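Q: Each chain is listed here by its residues.
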Amino acid sequence: MPGQEVWELYGEQYRGCPFKIVTRQSANFLRAFQFYKQGYLPNSGSWVDQSAKMLDAFEVIEKELQAIELDREKRRNRFKR
Amino acid sequence: MLTGIDINATREHVSKLDTDKDNPTVFHIGLLDPVLRAEVDDESSTYEMSSTNPNDKAKVRLNWNKRQITAIKFGLKGMDNFLDPQTKKPIELKFDTIHYAGKMRNVVPDRIIAMFPNELRQELAEVILSESKLSEGEQKN
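Quick mapping for you: the protein sequence lines, in order, are chains L and G.
What the first sequence shows, in this note's numbering, is residues 1 to 81, in sequence order.
What the second sequence shows, in this note's numbering, is residues 1 to 141, in sequence order.
Bound conformation, chain L alone:
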């Protein structure tokens, strides 16, 4: 049944579409992270003038992206052999 299917991501099981689990806050953090990577910060000033919580979120996103990239790299290398 739609919405009842079980998705498994990184060992965690989710009932229904995992996209719907992403909160508005997380979506905003992801958006701000995209701008941050292009050199824009949401609040005036340098990074010490930003919200500490947002910087924590950026660290989490950065780590996740690195893990995904590492995983991709491993898969590519496995394929080469």
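Honestly, the hints are just simulated from the structure, not real lab data.
A quick note: this is a predicted structure, and the numbers were derived from the prediction, not measured.
Treat the hints with care, since some could be wrong.
[To be verified] Calculated pairs, SDA-like style, for lysine to any residue (alpha carbon to alpha carbon, straight line, at most 20 Å):
hint	chain 1	residue 1	chain 2	residue 2
1	G	Lys140	L	Arg31
2	G	Lys16	G	Lys94
3	G	Lys16	G	Asp84
4	G	Lys140	L	Glu69
5	G	Lys140	L	Thr23
6	G	Lys94	G	Ala114
7	L	Lys63	G	Glu136
[Said to hold, decoys possible] Listed next, with one range per pair, are the computed distances between beta-carbon atoms:
hint	chain 1	residue 1	chain 2	residue 2	range
8	G	Lys21	L	Arg24	23 to 33 Å
9	L	Pro42	G	Pro54	43 to 53 Å
10	L	Ile68	G	Pro90	45 to 55 Å
Even for Gly, the Cβ is constructed at its ideal location relative to N, Cα and C.
Following the hints, put chain G in place on chain L, whose structure we already have.
A: Same frame as chain L, but now just chain G:
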């Protein structure tokens, strides 16, 4: 719910200790920047690891009250309908401006914080600190 992005955004908080359900005191909770959060965290504990006497034990001191006061001082951005315990009239919150951690900052005056009962101070500090940290659930999302 704060989005956690806009450093000037606030969210309203009504204390669970407030007995006046019809006209409660509303506290406006703000976010801390990384420097302020580090200052608050550093104020929570003091360690003394070394001593001239080798038989001395390491000392740990937990400064919970100081930590709470610092969190409220910088994290509380406004309040409505808080009655002065003496005059029983609502207090108009006027911030002090001080130079702290590299820049001028608006802070809640000590005389206002002194009016808060201990339990309220604890609650407000917890709310302020939890708003400025990414919880495990938020990290997962």
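Q: Confirm or reject each hint.
A: Structure-based check of all given hints:
| no. | hint | in the structure |
| --- | --- | --- |
| 1 | G:Lys140 - L:Arg31 | holds, 17 Å |
| 2 | G:Lys16 - G:Lys94 | violated, 24 Å |
| 3 | G:Lys16 - G:Asp84 | holds, 19 Å |
| 4 | G:Lys140 - L:Glu69 | holds, 18 Å |
| 5 | G:Lys140 - L:Thr23 | holds, 10 Å |
| 6 | G:Lys94 - G:Ala114 | holds, 15 Å |
| 7 | L:Lys63 - G:Glu136 | holds, 15 Å |
| 8 | G:Lys21 - L:Arg24: 23 to 33 Å | holds, 29 Å |
| 9 | L:Pro42 - G:Pro54: 43 to 53 Å | holds, 52 Å |
| 10 | L:Ile68 - G:Pro90: 45 to 55 Å | holds, 53 Å |
The structure fails hint 2 only (numbered hints given earlier).
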